[in-house]
Amino acid sequence: MRLFGETHIDFVKLRKVAIFISGAAIVAGLTSLILKGGPKLGLDFTGGIEIHLKFTESPSISRIRSGLAKIGLGGAVIQQYGEKKDNLVLIRTGVEQVSQDIASQIIAYREKHGKFTHLEELKNLPGIEAVGYENLADLLTTESSQTEKVNINQIERAPLISLIQGVIHQKTTARIEQALRGEFKEKKNAFEVQSINLIGPKVSEELRRKAILAIIFSLAGMLIYIGWRFDFKFAAGAVIALIHDVFISAGALSLGNFEFSLPVIAALLTIIGYSLNDTIVIYARIKENLKTYRKGKRISLKRILNLSINQSLSRTIITSLTTFIVVLILFLWGGTVIHGFTFALLVGIIVGTYSSGFVATPIVYSWERGTLGKEQVRREKVEPRTAKAEKIPIEKEKIEVGKAEVGQTDKEKAKVGEKEPAKTVETKIKKHKTKRGKRRKYKKKRR
Amino acid sequence: MYRYSNWLMLLILGLIALAIWAIYPPGEKIHLGLDLKGGMHLALEADASKIPPGESVKDAVTTGLEIIRNRIDQFGVREPTITRQGDTRIIVDLPGIKNPQSAVELIGKTALLEFKLVDEKGDISQALSGEVPAGDEILHDREGKDYLVEKETLLSGRAVKDARVEIGQWGQPYVALNLSAEGADKFAEITGKHVGERLAIIMDNVIQMAPVIKTRITEGKAVIEGNFTIDEANELRIVLKSGALPVPFKIIQNTVIGPSLGRDSIRKGLLSGIIGMICVIVFMGIYYKKAGLIADSALLLNLLFLLGALAALKATLTLPGIAGIILTIGMSIDANVIIFERIREELRGERAPRSAVDAGYERALRTILDANITTLIVALVLFQFGTGPIKGFATTLSIGILISLFTAIVVTRVIFNLLLAGRPVSKLSI
Chain A
1 MRLFGETHID FVKLRKVAIF ISGAAIVAGL TSLILKGGPK LGLDFTGGIE IHLKFTESPS
61 ISRIRSGLAK IGLGGAVIQQ YGEKKDNLVL IRTGVEQVSQ DIASQIIAYR EKHGKFTHLE
121 ELKNLPGIEA VGYENLADLL TTESSQTEKV NINQIERAPL ISLIQGVIHQ KTTARIEQAL
181 RGEFKEKKNA FEVQSINLIG PKVSEELRRK AILAIIFSLA GMLIYIGWRF DFKFAAGAVI
241 ALIHDVFISA GALSLGNFEF SLPVIAALLT IIGYSLNDTI VIYARIKENL KTYRKGKRIS
301 LKRILNLSIN QSLSRTIITS LTTFIVVLIL FLWGGTVIHG FTFALLVGII VGTYSSGFVA
361 TPIVYSWERG TLGKEQVRRE KVEPRTAKAE KIPIEKEKIE VGKAEVGQTD KEKAKVGEKE
421 PAKTVETKIK KHKTKRGKRR KYKKKRR
Chain B
1 MYRYSNWLML LILGLIALAI WAIYPPGEKI HLGLDLKGGM HLALEADASK IPPGESVKDA
61 VTTGLEIIRN RIDQFGVREP TITRQGDTRI IVDLPGIKNP QSAVELIGKT ALLEFKLVDE
121 KGDISQALSG EVPAGDEILH DREGKDYLVE KETLLSGRAV KDARVEIGQW GQPYVALNLS
181 AEGADKFAEI TGKHVGERLA IIMDNVIQMA PVIKTRITEG KAVIEGNFTI DEANELRIVL
241 KSGALPVPFK IIQNTVIGPS LGRDSIRKGL LSGIIGMICV IVFMGIYYKK AGLIADSALL
301 LNLLFLLGAL AALKATLTLP GIAGIILTIG MSIDANVIIF ERIREELRGE RAPRSAVDAG
361 YERALRTILD ANITTLIVAL VLFQFGTGPI KGFATTLSIG ILISLFTAIV VTRVIFNLLL
421 AGRPVSKLSI
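Quick mapping for you: the protein sequence lines, in order, are chains A and B.
Residue numbering for the first sequence follows our numbering, beginning at 1 and increasing consecutively.
Residue numbering for the second sequence follows our numbering, beginning at 1 and increasing consecutively.
To be clear, the hints were calculated from the coordinates, so they are not data collected in a lab.
Hints should not be assumed to be uniformly reliable.
Pairwise CB distance ranges (calculated) [claimed, not checked]:
id: 1; chain 1: A; residue 1: Ser144; chain 2: B; residue 2: Val256; range: 28 to 36 Å
id: 2; chain 1: B; residue 1: Ser180; chain 2: A; residue 2: Leu213; range: 20 to 28 Å
id: 3; chain 1: B; residue 1: Val282; chain 2: A; residue 2: Ile212; range: 36 to 44 Å
id: 4; chain 1: B; residue 1: Asp162; chain 2: A; residue 2: Asn87; range: 43 to 51 Å
id: 5; chain 1: B; residue 1: Tyr24; chain 2: A; residue 2: Gln194; range: 54 to 62 Å
id: 6; chain 1: A; residue 1: Ile243; chain 2: B; residue 2: Val282; range: 45 to 53 Å
Remember, predicted model here, so these are calculated numbers, not experimental data.
Think of the CB as a built atom: it goes at the ideal place given N, C-alpha and C, for glycine as much as any other residue.
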């Protein structure tokens, strides 16, 4: 079986389209990231709340999760703990990180307008609905005579933040409890809330610093190895392609409203590895072709690059397809908890495959063109004659395709035969048609 | 390659046996992390009353958390979860480990190391009856014998730069300390001033030893002896190196905890992972026919060897680790796809099957090596500098790459050779 015949896609020429596509994808992702105030960090990074529940009967975790999913918390950590007979469950979830923003807004408002004369003025602050005006109004006051409430015009920043945080936590807990009461409504008191705790992030500052260092060092190691095995241009192309992939994947995660958690970070690392592998495979082909065809500079770099990507194309697509299938199945049926993880991988596979042909390789070309003198580039452009001669080794293979498919059934052979010319015409349109006659003649002569 | 085929086949069979032996029984040999299996759940509460006035509990707990993290790291537990809970609590989740009790002791130990002078003039029996001389206190050693020591701490554990376990000439382990430059100066001053007196080395208010100062010690080295077992000495080394907790912690809860991904998600994930693998295996079989089946067997061997290696290294498998495995599987399939596409290309060039296989492997080899070595470099650097989940990812990835190079290149080649050997082959099933 063979899915792909020989292709003649001009990847280098398509780089202008690619710049547009990549640019659009990156801009879309970045816009989302900026509008949402950076990546949406999950529990692992921000901390959140932990609710301990005691059930009367052994609870089904998937039911708890489906209850939470109804209020958008399907990705929460749900763990059974303690002895089995105790039926204890803890739920950990992140909470909205808005308390600092709102506190800043209140303080800014105070500085601008003197002070709050009515609590209703709080309603004018953007983003206040994340906390709920009523919830805040229950705790705050504008009158100095009221002692059981906090005076909004006097409270300092730090206590204000923790006050708002407290409100958010209570709100989240109430929502979770309500959702679970709804889910387990067949029993009157299916569970009781034992305690609610604030929890800190899993990832400390120290861990974060180390992780960033690790990534920087690994990129450097990679640059050196590729620079040594291939060329610095290639190394730069590969690294830019990786950064491109990570940016787009991170943007897509933000657009899809997925949280960044530790597994998602692992997925981003996987994307780096995947894209790298894909890029190097094409680079290796380029290197090989440069050796075979370019000894006497008979063939332009552009052609070599295109030839190499096209030759690797069927491998690229088969590999990507198989990995894509695995991850797609994981995404569809693997459950909500790993949705962010599998989503990142899905996007990463597509982007990683795309970037090796449309980003990493064209960068090598642009770089080479930038460093060459103008003269040489112009010469490359007006050299149709040599280009014709170069085509021969490829063309030869193509003509022999029919014979070489020994192991194939007639049906498949026919399919391949049909496909070949159609594709060529499609991609190379006019130029090829005019050349074809001449080339056949040349071929006969050689035989 | 042809010449060695039989030997390689033997090697492969041997490795299969070894891997199965390493894995069996899988429930015990493969250590799953907190996210996949759960483990031990500890809640520690800082004793706020012991905090020196003027210092905040919050800061003390933050420092304590880093120190505990350090200790657990040094103890060799992979990927624990350590989080704050409220202002005064720390939650430590540990994946299933062999000796949980010593881990708990290690985590909870305050590890306050102090050097104090023994009060030689004071009368211990008088002190025990209630008349403790001013500026003195009574401490006991590990055997319960009481000593009268001066209250003033001359030097504390903060002066310790490094600690090692060494074995003395009679085979008894002891802990050797290296003091910081500042600590060494202070130590020289103390030992110089009090030659002939006894210096008590105290850990969490228990005297470890009280040797007589024979001479002024200038090089900043000290040893702690005692009738330690090697485990005790190692524990002491870890706590000395990670420093003392700024505030004592009490373990208020010690229980088991289920997987953090939830049992429901793990079942779903496992099932869909298996379905995905089957899809790939079927696809390879259809697309590359018999050659695809060869690649499939290489893929399964890759998984078997990888699990065997993880079991042998006692590594902990977590979701990030599985991400590394997914990448490995992808790269392993890719290596075979590269080889097969190359062989097909050669066949299209009207080569005989056997030489097409040779040429296909030879040409694909460099590509595969370059791609894998580059990724391996990334994985090794991540392993070296990364912590926690990043390290878990890097572990499975680097082992996986090495194994997949072997299975995707050597194993498939050997099978090809066996199939092609000894009879004329007119066409390949590829």
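Hints, verified against the model:
1. A:Ser144 <-> B:Val256: 28 to 36 Å: Because 52 Å falls outside the window, the suggested range is violated.
2. B:Ser180 <-> A:Leu213: 20 to 28 Å: Since the Cβ atoms of B:Ser180 and A:Leu213 sit about 25 Å apart, the hinted range of 20 to 28 Å holds.
3. B:Val282 <-> A:Ile212: 36 to 44 Å: 41 Å, holds
4. B:Asp162 <-> A:Asn87: 43 to 51 Å: 48 Å, holds
5. B:Tyr24 <-> A:Gln194: 54 to 62 Å: Check failed, 41 Å falls outside 54 to 62 Å.
6. A:Ile243 <-> B:Val282: 45 to 53 Å: Between A:Ile243 and B:Val282, where Cβ atoms are some 36 Å apart, the hint is violated.
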